[in-house]
Structures are given as C-alpha cells and as structure tokens.
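Protein chains in written order, with the numbering used here: chain L, 1 to 350; chain R, 1 to 651.
In case anyone wonders, no lab produced these hints; they're calculated from the structure. It is possible that part of the hints are untrue.
[To be verified] BS3-like, lysine-lysine: derived pairs with alpha carbons at most 27 Å apart:
#, chain 1, residue 1, chain 2, residue 2
1, L, K247, L, K226
2, L, K319, R, K212
3, L, K319, R, K102
4, R, K212, R, K102
5, R, K145, R, K173
6, L, K151, L, K137
In case you want the letters, here they are:
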Amino acid sequence: MSVDALIEAAKLTPNDYASGQEVRWCPGCGDYAILAQVKKTLANLGLPREKTVFISGIGCSSRFPYYVNTYGIHGIHGRAPAIATGLKSVRPDLHVWVITGDGDGLSIGGNHLIHVLRRNVDLTILLFNNRIYGLTKGQSSPTTPLGHPTKSNPFGTLEHPVNALSLAIGAEATFVARSIDVYQKHLGMVLERAAAHKGTSFVEIYQNCVVFYDGAWEYATDRQVKEDHVLELEHGKPMLFGKNRNKGIRFRGCVPEIVELGDGVTEADIAVHDEKAADPTVAYVLSRMRYPDFPEPIGVFRAVEHPTYDGLLNEQVAKAIAARGEPRSLDDLFHEGDTWEVPEDGAPSR
Amino acid sequence: MEPPISSTSNNSAAGGAEKGQGVMEKRVIELEEATVRFAGDSGDGMQLAGTQFTHTSAVAGNDVVTFPDFPAEIRAPRGTKAGVSGFQVHFGAKRVYTPGDKVDALVAMNPAALATSLPDLVPGGLLIVDIDSFSQRDLELAGYKSNPLEDGTVANYQLVTVEITRLTREAVKDLGLTTKEADRCRNFFAMGLVYWIFDRPLEPTLRFIEAKFGKRPVIAEANRRALMAGYHYGETTEVIHHRYVVPPVKLPPGTYRNIVGNQALAWGLMAASRLSGCDLFYAGYPITPASDILHELALRREFGVRVFQAEDEIAAVAAAIGASFGGAMAVTASSGPGISLKLEGIGLAVMLELPLLVIDVQRAGPSTGMPTKTEQADLLQAMFGRHGECPVAILAPRSPADCFDIAIEAWRIAVKHMTPVFILSDAYVANGSEPWRIPKMSSLPKIPVEHPQPVEGEPFLPYARNEWLARPWAIPGTPQLMHRIGGLEKQDGTGAVSYDGDNHQRMVELRAKKVALIAKDYPPQVVEGPKSGKLLIVSWGSTYGSVYSAVQELWATGQDVAFTHLRYLNPLPLDLEEILSRYEHVMVPELNLGQLALLLQAKYLRPVHRVNKVKGRPFAVNELVEAALAILETGEKASQTSENVIVEYVK
Numbered sequence: 001m002s003v004d005a006l007i008e009a010a011k012l013t014p015n016d017y018a019s020g021q022e023v024r025w026c027p028g029c030g031d032y033a034i035l036a037q038v039k040k041t042l043a044n045l046g047l048p049r050e051k052t053v054f055i056s057g058i059g060c061s062s063r064f065p066y067y068v069n070t071y072g073i074h075g076i077h078g079r080a081p082a083i084a085t086g087l088k089s090v091r092p093d094l095h096v097w098v099i100t101g102d103g104d105g106l107s108i109g110g111n112h113l114i115h116v117l118r119r120n121v122d123l124t125i126l127l128f129n130n131r132i133y134g135l136t137k138g139q140s141s142p143t144t145p146l147g148h149p150t151k152s153n154p155f156g157t158l159e160h161p162v163n164a165l166s167l168a169i170g171a172e173a174t175f176v177a178r179s180i181d182v183y184q185k186h187l188g189m190v191l192e193r194a195a196a197h198k199g200t201s202f203v204e205i206y207q208n209c210v211v212f213y214d215g216a217w218e219y220a221t222d223r224q225v226k227e228d229h230v231l232e233l234e235h236g237k238p239m240l241f242g243k244n245r246n247k248g249i250r251f252r253g254c255v256p257e258i259v260e261l262g263d264g265v266t267e268a269d270i271a272v273h274d275e276k277a278a279d280p281t282v283a284y285v286l287s288r289m290r291y292p293d294f295p296e297p298i299g300v301f302r303a304v305e306h307p308t309y310d311g312l313l314n315e316q317v318a319k320a321i322a323a324r325g326e327p328r329s330l331d332d333l334f335h336e337g338d339t340w341e342v343p344e345d346g347a348p349s350r
Numbered sequence: 001m002e003p004p005i006s007s008t009s010n011n012s013a014a015g016g017a018e019k020g021q022g023v024m025e026k027r028v029i030e031l032e033e034a035t036v037r038f039a040g041d042s043g044d045g046m047q048l049a050g051t052q053f054t055h056t057s058a059v060a061g062n063d064v065v066t067f068p069d070f071p072a073e074i075r076a077p078r079g080t081k082a083g084v085s086g087f088q089v090h091f092g093a094k095r096v097y098t099p100g101d102k103v104d105a106l107v108a109m110n111p112a113a114l115a116t117s118l119p120d121l122v123p124g125g126l127l128i129v130d131i132d133s134f135s136q137r138d139l140e141l142a143g144y145k146s147n148p149l150e151d152g153t154v155a156n157y158q159l160v161t162v163e164i165t166r167l168t169r170e171a172v173k174d175l176g177l178t179t180k181e182a183d184r185c186r187n188f189f190a191m192g193l194v195y196w197i198f199d200r201p202l203e204p205t206l207r208f209i210e211a212k213f214g215k216r217p218v219i220a221e222a223n224r225r226a227l228m229a230g231y232h233y234g235e236t237t238e239v240i241h242h243r244y245v246v247p248p249v250k251l252p253p254g255t256y257r258n259i260v261g262n263q264a265l266a267w268g269l270m271a272a273s274r275l276s277g278c279d280l281f282y283a284g285y286p287i288t289p290a291s292d293i294l295h296e297l298a299l300r301r302e303f304g305v306r307v308f309q310a311e312d313e314i315a316a317v318a319a320a321i322g323a324s325f326g327g328a329m330a331v332t333a334s335s336g337p338g339i340s341l342k343l344e345g346i347g348l349a350v351m352l353e354l355p356l357l358v359i360d361v362q363r364a365g366p367s368t369g370m371p372t373k374t375e376q377a378d379l380l381q382a383m384f385g386r387h388g389e390c391p392v393a394i395l396a397p398r399s400p401a402d403c404f405d406i407a408i409e410a411w412r413i414a415v416k417h418m419t420p421v422f423i424l425s426d427a428y429v430a431n432g433s434e435p436w437r438i439p440k441m442s443s444l445p446k447i448p449v450e451h452p453q454p455v456e457g458e459p460f461l462p463y464a465r466n467e468w469l470a471r472p473w474a475i476p477g478t479p480q481l482m483h484r485i486g487g488l489e490k491q492d493g494t495g496a497v498s499y500d501g502d503n504h505q506r507m508v509e510l511r512a513k514k515v516a517l518i519a520k521d522y523p524p525q526v527v528e529g530p531k532s533g534k535l536l537i538v539s540w541g542s543t544y545g546s547v548y549s550a551v552q553e554l555w556a557t558g559q560d561v562a563f564t565h566l567r568y569l570n571p572l573p574l575d576l577e578e579i580l581s582r583y584e585h586v587m588v589p590e591l592n593l594g595q596l597a598l599l600l601q602a603k604y605l606r607p608v609h610r611v612n613k614v615k616g617r618p619f620a621v622n623e624l625v626e627a628a629l630a631i632l633e634t635g636e637k638a639s640q641t642s643e644n645v646i647v648e649y650v651k
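Excised from the complex, chain L in its bound form (with noise of 0.2 Å):
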C-alpha cells in the first residue's frame, strides 16, 4: 500500500464505507446491526474501499455488498464461495468478503461452503442465520428447528437441522466463530478477529428475521435469561457463565457438563477454552452444546494457521516461473519435442 492510501485509509470512517444505496431491508431487521458492525470493521482496519471486495449470493442477507462502498458482486444462489475462490486466486492482494445466509450457504450452496473451508481460501465469510427463508416470504431453512411452522412445512418442519459450526469444524475451517446481530461489542470483535485471520473465517452470526420468524434466538438475546443461556468464550479464559458468573463447563473426557461453583468445585475444575488447539475436537464439542441442553458458546471457537489455497497456489506459480531462471516463450514451449521443416520450395525435410 502506498502511503497516500495508508493516509486516506486511515481517514475512513464507518460513513465512508456506505455505498449511498437506499437500505432495503425490513425496518427492525437484525442485518441493519451486522452492516453497521461490518462499516466499523472496516474503518477500524483501515481497509482500503478499492481494496475490499463484498461477495454475496441470493437471499436478504445477500444484498449486503450493495450498501457498502467497495467493489462486489451479487451473485447467483450459494455460488458465493466459488466466485469469491476464482477472484482470491487471481487477485490475492484483494480483502474479499463473503455474505451469505442459512439457505444461500447451508442449502443450495452447502457444498461450494464445504470446499471453500477445506481449502482455506483467504477469505472472510460471514452467515447470517435467521433460521428461515426470509426473501422468498417464509419457508423452512437448513437451520429451523425441527417441528417448527413454517411456510413450506405447516405441520412442523419434518427434518432435523444442520449445525453451521459443526459442518465448519467437520470441513477442516481454520477459523470459526460465532457471534449475534445485537451483540454490537461482541459482534465487532469477532469481525475484526476474523478480518484479521488468515485463511478462510467464518463467522455464523445469530440474526433476527422479524417478519417471518421473529425471536428465533430471544432465548440468546432476551436480557433477563441470556447470561444463562449464552457461553463468552475467550482464549486462555475458563467457560464460566450466567449472571453472577457461578456456572462453567467441566468435561469429563470428551463429554462436557454443567458445574456450579462451590461445594467443592473451583475455577481450576472448569475446562479452559483453548482456540489454537492443533485438534478440532474440543471446537467441535463445544460447536455441538445447543440451548436448552447447554448455554451456547459465543466468539471464537478454532483459529488455527494453516496454508492458504490462494498462497499455495500463487507460490507454485512464483516457483514455476523462478526456477527457469528467465521466463521460458511460448515460442519454446511450442517448438519442444518433434518438429519437422518446410522450406519455402515446399520439399519437407525430416
């Protein structure tokens, strides 16, 4: 980066990053608080706008890269993974970020999410999840609980839902976390550690459709019980929580349970959350404990380093081309092997 565009960088502010496209979404819409969270990030790193590029596929989460204002595509159904793959690999210089939704990245584009996460693109994704199908009015979702009402499924939606963390873990995701749409502290922290990773982040972030499913997650987001039904988790920190803070997770081999503090249980019996644990095991217990069983762990589960798709191949690339020395023609790659003469008289020679 050069200087100039250090110093103009760090001008920006969170306004700076507004597209100037009239918001679009339902007034009371969890999405006002997650793009008012991402402006911040944003303005906080320093990103340049010409830098940054938003990619998003079909669903209300998707109309994301509209209202900022840096480069991005609206892209087709799911297919946000893979376009935002193809652009990372030719443009690594590139901050490329990928919004998508519980249907757009769970469903119809499960599996570009799954390669996208093995492959550890450097990208940062973002799910929101709001347990239904918000733009097309109201139909079950990967992530609806079972028996729940809905649109397409009026009896109670009959199959059992998807853990978004544990298919990341599952995937071999080397960051993964979760925060919740009006979790602003919380939820600007995590963007900014997922910014900040290197590799592909993926962040499921709680969010609160108000029209078709509205309190999905109160049991998270309702101040009179979210103590309790929510788990901060913080590296190097015990999994303590609940209002007075007397409640923690111990594990008993791989099995987690609830302890009070007291009556012979001490902070030293609570598990330590560790998320640059080599082994993604214990991320994925944790990914596993779901309300009403367990509080919910919130923040970042996994960050681990591993080797890029985008490193890794633009180092190939760089290798190739060194170890030559000078770069090879073309005109030599297509005189290698047999060739054969024919002089201008027209008589060929061997």
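Assemble chain R onto chain L, guided by the hints.
Coordinates of chain R only, in the frame set by chain L:
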C-alpha cells in the same frame, strides 16, 4: 492416381510406381494416401500405437488426420467387442481432411477387434492379426462361432497372421519381465511391423520410449526390443510382399509439429493470455472429453497459468466469473452435462457483462450418453440453454489445429465486446490430431485490453457503453471506481438495481444488440466453388473435413456445388443470408438432428436440406457425396434422415 493398397494384393498384378527392389525382393509401392487402423483390447495400448504412428507420419512430412475411438470404460470386459479400442490414422502425400471412410491396413490384436473393424477394411486391404490371440475362448468372447481366419470370412483381404504375442515374449525374454509385463509390449511389436510396411522412421518412437519409460530402464528396453523385433520381422518374413511409401505432402513453408485438438486449445488459451496481457485462470471439473485441457494447463504454472479444479461444474464457472471480475482471462471448460450445470452461471456473466470463455467439448448425449463419442448436439444448448433473453457469442473450431486460432479469436471477442463466448469443440476435434504450422508469437496480433482509470470530476458509470455497446472493465484495486454488480437487472448506465419495465426492455435489447454487433467484425464469409448455382453445402465445427473432402469429390466429377464453412455460429455472419440466396438448394450436414438447420431456417426463412448423423462418429465422405448427389439429381434427399423418419412416424 496411385493404386490403393488393396490392388497390390499378392495375387493381383501390382501397379503403381515401383521404386526398385526392397530387401528380400519386396517391392516398394508409392501411394498418395493410406489409412491404417490399430484395433485391440482397451488394455492393449492401441491409442499409444496410433498416436505414435500418427506422430511419426507427421514428422515424416505427411498430412495426417486421426480418429481415436475408445470405450468409456477404462477396462471394459477383456476380449469382448465392448472393450475394443481403435485408433485410425489417414496420412497422405496430399492434403487429407478426414480420418478416412475405409481402412487400407488393419491391425487386429484379437478376434473382437477383427469383428468390429473388418467391415471398415477395404476389400483386398492388408489385415494383420495376432494369431496368438485367436484361441477358442477369444473367439467365443468376440461372438464368433467359427474361426474367421479359417472359415472364409477374411478371404477377400491380404491376411498376414503373425505370432505377435509369442514373438514379443521372445524378444524380451531375458529381461526378467513377467508374462503380463511382456505382453504389454505387444503394441510396440505391432507398431514396429507397421512402421516397416510403411517405411516410417523409428527415431521419434525411440525418443518417446526414452522420455516416457526412461525412469524404468527395463520397461524402456523391453518396448524398444519389441519395436525393433516387429520392424525386423517385416524385413525378414516371407509373408509380406510389399512395402508402401507415402511421400511428404507439400505444405506451406514453416515449422510444423503434430498437435492434438485439446492441446491446441490449451495452447491457444495461453497464447491469448500473452497477447492480451491477462493472466490465465482456468477452472474446471473432470469430464470426458474435456479433461485433457485441464491436464495440459495444469502443467503450465511457469507461464502464469492458474488452474483451479473446482468441487463441481457450477463452482468452476462461478470461480471463472470471480476471476474475470478481478481482471484475469477467465476460462471454464466441460462437456454437455457439465455445461448444463454451468448455464445459470453463464447467465450471470451475461448480466454482469464480463468476458468469459466457456468451452464445450461436445459428446454424444443426452445425459451421460456416450461419453467418449463425438456429436454436435449442444449448439442449441449454447444458443438457448439459459433462462431469459441471454445471448452469447458462439464459435466452433473446424479441426484440431484450428483450436489454437479459435481460442485466440474467442478471447479477442470476449474482451472487445465484454461478453461470454462459447467454443463448441467436440470429441472428434479434441482427441484428433494433425500437423500444425507453429506460429511466431510476435506475428500474432495483440489483443487490446483496457481497464479504466478514474477521471477527475466524472462519476464512474459501470454500465456506460462504447461504440460496440461494451461496458468498461473496471477492476478491484482501482481507486474511486468502486462499484457493485449483480444478477439483478441494471439501470442503463449507472448499473444500479432497477425493476423499471422500460429500463428492462432497453437493457434486454442492448445486450442483444451488443452480441449482434460482433458480426460486424467478421472477415467476409468464404465460399468455395461457383458463386451461385444449384447447391451450397454449409458446414460448421468438426464436420469441415468430411464436408470439404466430399465437395472435392463432387467437383472432381463436375458437380455444381459450392461450399461454405461457418466458424461463427452466433451471431451468424451478416453476409450469410445473401450467400444462401444465391443457391437453389442448401444442404446442412450435422452430427445432430438438424440444429444449425433449424437456426438457418428460422432466421432466413428458407428451407434447407438436413443431413444428420448421430452415431458417435464423424461423417464418412461417401455419405455426404451421396446426400449431395441425391439433392442434385432429384432436388430432394433420397436417403431418409432421422428427421424425416421422425416426421413420417408422427404423421
């Protein structure tokens, strides 16, 4: 004209230009052209034998056209007709354009190969069989009730029975190979023998053996010995009485090499990348018969080629679109089934108005169809396979070497007009090979590419248009040109989302006009033969060779026939309508049920004669000559095409 091999059978009075006595008093007969087919089990190495013989013939200065024909299974049931793999090569001292309707010399490594290939051998043709593979069991597997070598089946051919298996084992016996390993060298013995018969140099194949098997010296030595043993067998045996020489062809001056269609396409893409200064990004998913493009490009990291093997066909086209947005030369390739999956993505590229190359190496469909067999039945998929009004440019290569030029032309169109461009190759062109005059990169015209920079005081309009109606290709990283594009309808100029009906009509028409304007750039459509008259034959894609050969035969007998070949399928050349109007009859041969014919009839409101074939093989020249003669003689087609049969059936 030289006498064919079939007239030099042992009993007939040999004609031709005798060039003197060969070893063992064998006569050398000069031929203008010949067609050889190697046929055997799919594990017998027939593709390698055919490829090497082709390569050697090309290096020896012949024109060559090939037809590899193999089953979809890697190892189909051994010894059965389903498992037969064949490689046919037509080589000449004159220009040749097809792999040959009939075979002059056939190598059959087992009874199944004999059964499937014998109908294509000309009467009196040379038939070489591995007699060791004609046991009762082998005969039964091939469906023979009696031994065809003994029951009169092959009475009309010059039969040469050779103990290929035994002699190969003998040649490699002290190398410590297992019988199985020794038998894998049989193809080299057969090659050696055929090389001797056609006076081919051994050096290119010896070099190939060194390059391919050099790391396994014993295998290399075994193959070398088998090759030499076959060659010497020809020299010393009493059963082969003639050698045939096909002198070099007179080609335009230059340096030549033999090239396979998919390789030429890959190299054309690399050349286009250099000429345009855009790094090549290729995204693909494995599929027959397109995978060799992926393999070739994957080797070329040192030329800045970035190859992405995607998780599926949809991801491949999507990644290509992302790369195009970033300023790369974006390419994806597949065959029919994969293209079907990509169509939504191609629609997005049409809406985004980004340059993109989509290569469809067509194969016999629908669905999985016959994956290794050729067909031209994806033209209408390329034209109309997407929802909405969604025009793209479509080009088709006419031969393996032409794939190189087509790739460059397609990218030139894609960037100049900011549009996706289809290249309709097919299995026949993709796997076939021919001599290619190697161009100098410096002699090829550059492909201008412009990425706009901000202009002080002027707002950036991502959907502003130039005189070709192309929009600017502004790429991320450019300050102040930040913009968002997407699949939603765009407001004319600004590119903002718009649901306005009048604007939509304007944009649909603009996109259609933009693609239509591409035709203004074409060179004049070439017509060979009379400028007007009774019959014009229109070909496209890989049928060029067969059609051109048929036209030459028709001219030789004084027929009133003209010929034009379409390189550009969409938009069609602007002068085509007028050209068609100058002829009483128009004949359109296609390896489908009449897809170009449908377009021509719809667009120009004139009837055309359809000549259609969907057998997984290219046209035989003879089929086209007959179809043309029928039109010339009766004004109607005599032979019933599938289309006619279907119409009759429905009536």
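Against the structure, the hints:
no.: 1; hint: K247(L) to K226(L); in the structure: 13 Å, holds
no.: 2; hint: K319(L) to K212(R); in the structure: 25 Å, holds
no.: 3; hint: K319(L) to K102(R); in the structure: 50 Å, violated
no.: 4; hint: K212(R) to K102(R); in the structure: 32 Å, violated
no.: 5; hint: K145(R) to K173(R); in the structure: 34 Å, violated
no.: 6; hint: K151(L) to K137(L); in the structure: 8 Å, holds
Violated hints for the displayed structure, listed by number in ascending order: 3, 4, 5.
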